[in-house]
Structures are given as C-alpha cells and as structure tokens.
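Peer 1: The chain contents come next:
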Amino acid sequence: MRRLATTLISLAGFLIVWKLLTVLTGTPDYILPAPEVVAGRALRAIGSGLLWEHTAVTLSEILLGLTVGAATAITVGVALGKSVVIERVLSPYIVAAQSVPILALAPLLDIWFGGGLLARVLICALIVFFPIAIATMVGVRSADPLLVELFRSLGATPGQRATRLEIPSALPVIFGGLRVGVTLAVIGAVVAEWAGASSGLGVLINIANQGLFDTPLMFVALTTLAVIGISLHGLVVSIERRLIVHP
Amino acid sequence: MTVEPTIQTSRAPMPAGLPLRLNGVNVVFPSAAGPLEALRGLTLDIPAGSLTVVIGPNGCGKSTLLRLIAGLLRPTEGSVRLIEGVDAEPRAGDGRVGLVFQQPRLVPWLTILDNVALPLTFKPVSRLPLVRVRAGSTTADDAKVLAQEALDRVGLADAATSYPAHLSGGMAQRAGLARALITDPPILLLDEPFSALDALTREAFDGELQRLWMNSPRTVVLVTHSVGEAIRMADRIVVMTARPGSVARVIPVDMPRPRPATAAGSATDLEAKVRSALAEVHPPELRPWIDR
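Chains as they are written, first to last, in the numbering used here: chain F, 977 to 1223; chain V, 187 to 478.
Among the clues, some could well be false.
Beyond 10 Å from chain V on every Cβ pair, some chain F residues (computed) [as the list claims (entries may be wrong)]:
(1) F990
(2) S1059
(3) P1077
(4) L1123
(5) L1126
(6) A1132
(7) L1188
(8) I1220
(9) V1221
Under the rule of at most 35 Å between Cα atoms (straight-line distance), these lysine-lysine pairs were calculated in the DSBU-like manner [as the list claims (entries may be wrong)]:
(10) F:K1058 <-> V:K459
(11) F:K995 <-> V:K309
(12) V:K309 <-> V:K330
Example chain V residues on the side facing chain F (calculated, C-beta under 8 Å, incomplete) [to be verified]:
(13) D280
(14) W295
(15) K309
(16) V433
(17) R435
(18) P438
(19) P469
(20) L472
Just so you know, the hints here were simulated from the structure itself, not pulled from any lab data.
Backbone N, C-alpha and C fix where the C-beta goes; we use that ideal spot for every residue, glycine too.
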C-alpha cells in the first residue's frame, strides 16, 4: 500500500512538472504537448484501435525476441561458464557482435531474414543476448567451490551439477542480466521496426513524427513503449522473488 | 550315548566396513611457486571397522589423505585401495565413502531434509549397491523417508523443514553428518568436523559419534587437532609428520567404550605418549611451547 502511494505521488509530481514546463515556457503542442493533450490523443488512438494494432505487433516482437534471446543466452552462458575452451573460442565473436551497433546490423538482418517478423525477432534476440549470457557465465562460475567439491564427492554428473548447483547459484545474477535484457528488448524491437516494417510502435513514431507532424501521437507511442518496459521489468522482478528462496 | 561334538566357529564375524590400504603414496600439487609436495611415502593400513584418528601439524596433508580415500584426488605415485581385487580404487560418489567436512557445506536453498536426501538423488537408490533399503526403493518419497530417519538418528528430527541459514553451527554440522550417513557407507571420513564448535558442544558430538559408531560399526577416519578428542575416540591414533606428510607413529588406544569426555584425563601415560610424538613432528622452533 505504501509502495503504491509512493509510486502515485512520484507520478503526479512528474505530470505537474511536465505541465508547468509547457505553461511557463509557452511551448507549442507540436514541440512539447501538455500531458492532458497527450492523454486526449491516447484516448482517441485507443478508441480507433490504432494504438492496439501497433502495440500488438511490437509486444509480440519483444516477447518472442526476449524468449529466444534469453533461452539462447542462458544455454550459451552455462557453456561459457563451465568450459574455458568454449569461452576462448566463442567470446571474440560474441563481443564483436555486441560491439557492432545494432542500428547498423538491423538492416542487414532484415535483408537476410526476409524482412518479416522473423528478422525483427532475431534483431531483438541479438540485443538481449549479451547481458544475459555474460551474467549467466559469471553466475555459473560463482558457485561455491566447497559445494562443487561436495557434489563431486556425491557422484553428481556434470549435468546434475549444472542444473542442481551452478544454475541455482547463478539465478540472482542471471535475473540481473534479465532485467537489463527486458529493457533492451524494447529498444531492439523499435530498432528492428525502423530497419523495415509496416506496423509497430516504432513505425507509429515515424508516421507521427515525419508524416503527420502529430507530436502528441508520438508521445502516446513513446509512453506505451515505456509502460511495456516497466511492466516486463516488474514481471521479471516478481518471478525473481518467487523463484529465489530467501530463507 | 554319543555326544554331538560342538562345532566351534573359529571364523570371526564379518567386520563391518571396508579395510583401507595406502601404499607408498606421494601427492604433489603443481603451484605457481613450483611443485608442492603434500604427502611423501605415506603407507598406512586401516583395519575394517576401526576408528582411526589422524593428528598432526598444520598443513601436514591430513585433508589430502581424506580426499585420496574419498576418490576426490589420485595419488601422484603409490596406491590407495579400499578392498582387494577389482573396484579396489576409491571412486568419488560410488556410495562407499561418506564425507563430513570442516564446514557443514549445506545447499542454502534446500531444506535440511532435502539436503540430507541429496546423495540419494543423483542416482537411483537401487544403483547404490551398499545402501540397505527395501527392494525396488528408488522414488523421491523413499529418499525423504530415509532422510528423515537419518535426521532422527542425529537428533535433528524437528529441523527437517528448516533452511540451513536458520540452524546453529552445531545443528548444521549434525545435518552434514546425517547426509554422510544416509547411504550407510562402509567408510566414514570426518575432516575436523567439530573444530568450529565450542568445547562443550564438541564433547557432546564426540559422545554421539562414538555411540553411532558402536551401534553400527564401520571404518571411520577422523582428522582432529585435539589430543583429548583423539584419545577419547580412537582405536588407533596416527601421528603424521610435517609437510610432506607421512606416518610418524601409530599409537593404539585400548580403553573400554563408551569413553567419557574425561577419558584423556584418566590416561595420562597415553596422553604423554601422543604429545611427545606430536612434539617430534613439529618444527624445532615450536617444540619448547608444546606441553609434553
């Protein structure tokens, strides 16, 4: 209850500062629309079904990209953590892929994978991959060496050691990576849409900004992206709380 | 009238546990500062069902010795044998050895019951040939029943659903003992298991361990720093030399059991013998400070 109150007060403060800024500076709506103008535009966009149409596309890209990216990252991260050889072989490529700006890579992937949902999911997965893989690798290595020796003395196979000791030990760190990953997934989806898509919140931003000069609509799309990011982040945190035993 | 001759069985009853034989064992660890010799020419026979206490200076390779017997480490040279014939070498996790470490080493996210049942969950119970369980007992439920029995035996029945963080050091160490005993291993190795506990708790444990061993004898090797504990617990005290470790002396202890915590006090000759042996294996600069 107290947490909810804090959040609401902070949100109200943010809106008041925003409103004051528009009033005091007299900025026109096409540069910085007032909060109630954005709210009104949002209601119209919801009413016409425009917002949901684009949100559904972006949301599915994010969720699929996150799933594919996180699953691959955790698998690869465990392998990286358990084998120095695998780390030596793979890590230059992983770091290289992460160092190349996703903005530059996106159009290429769009051409390679046919410009459809698949291409956009892959772009999203790619940007999600790095923080989760690195977190998993670090986490797996942080397993208590005394417990590793215990598992060895009890005859656990390397697979049992991974699933019963190393991955559970790594969970807090993996969830740290997932928290970064979900926010990157939102960015990845928008970047992917900019590389070539006909619908989605990224596309809606472009249309509102460059086509219609509808700055309030652009704010609606941005806010929706922010809400998606916050909700997914909250979801990850609540799963984390459930999954990790804090005796 | 003929009297049936009474058949005298000269055969002693099968000793519980397995005998151990270490022969000419050298262990060398590679290190940044060059090879580190932990054990050199260690030869030791441990009879089946005996309670052997190993004592010696810091870093003399006592833990290395236990890790060899547990199959966690192979000797650089020499041999370690659990029994004669095939399958003689120790293999980690084959169920023949139970290990209690200096730290309890409980998995923090598992309950005490699940921690104790852990050894049974890595392979079906039926695949552990030495575990005495009902035929066909392989399910997780059976593992829990056995774990609860093991907890009962060490007086931890009420702690089954607790997490390790909620246990005192003494309770955690008892849970570690229950985990080591759950497979009913013929060999039990204890690496300074009670060294982190206060003196009274430790004496209580020694009494408990002695009782457990008398009720179901097995080969026990206990590593300790305490002369009093050694005299109270041991059939034979093995005094090791400083690094590289080998056997300096084997001192038999022949006192009736169960022995009270004051056993060492009433065996002053024996205590003097052990202390004298220890003084000889410590570096010369320490000797003046060791009571003989």
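Peer 1: Determine for every hint whether it applies to the structure shown.
Peer 2: Quick rundown of the hints versus the structure:
{"no.": "1", "hint": "F990", "result": "holds (39 Å)"}
{"no.": "2", "hint": "S1059", "result": "holds (20 Å)"}
{"no.": "3", "hint": "P1077", "result": "holds (40 Å)"}
{"no.": "4", "hint": "L1123", "result": "violated (6 Å)"}
{"no.": "5", "hint": "L1126", "result": "violated (5 Å)"}
{"no.": "6", "hint": "A1132", "result": "violated (5 Å)"}
{"no.": "7", "hint": "L1188", "result": "holds (54 Å)"}
{"no.": "8", "hint": "I1220", "result": "violated (8 Å)"}
{"no.": "9", "hint": "V1221", "result": "violated (4 Å)"}
{"no.": "10", "hint": "F:K1058 <-> V:K459", "result": "violated (50 Å)"}
{"no.": "11", "hint": "F:K995 <-> V:K309", "result": "violated (66 Å)"}
{"no.": "12", "hint": "V:K309 <-> V:K330", "result": "holds (14 Å)"}
{"no.": "13", "hint": "D280", "result": "holds (6 Å)"}
{"no.": "14", "hint": "W295", "result": "holds (4 Å)"}
{"no.": "15", "hint": "K309", "result": "holds (7 Å)"}
{"no.": "16", "hint": "V433", "result": "violated (24 Å)"}
{"no.": "17", "hint": "R435", "result": "violated (29 Å)"}
{"no.": "18", "hint": "P438", "result": "violated (30 Å)"}
{"no.": "19", "hint": "P469", "result": "violated (29 Å)"}
{"no.": "20", "hint": "L472", "result": "violated (29 Å)"}
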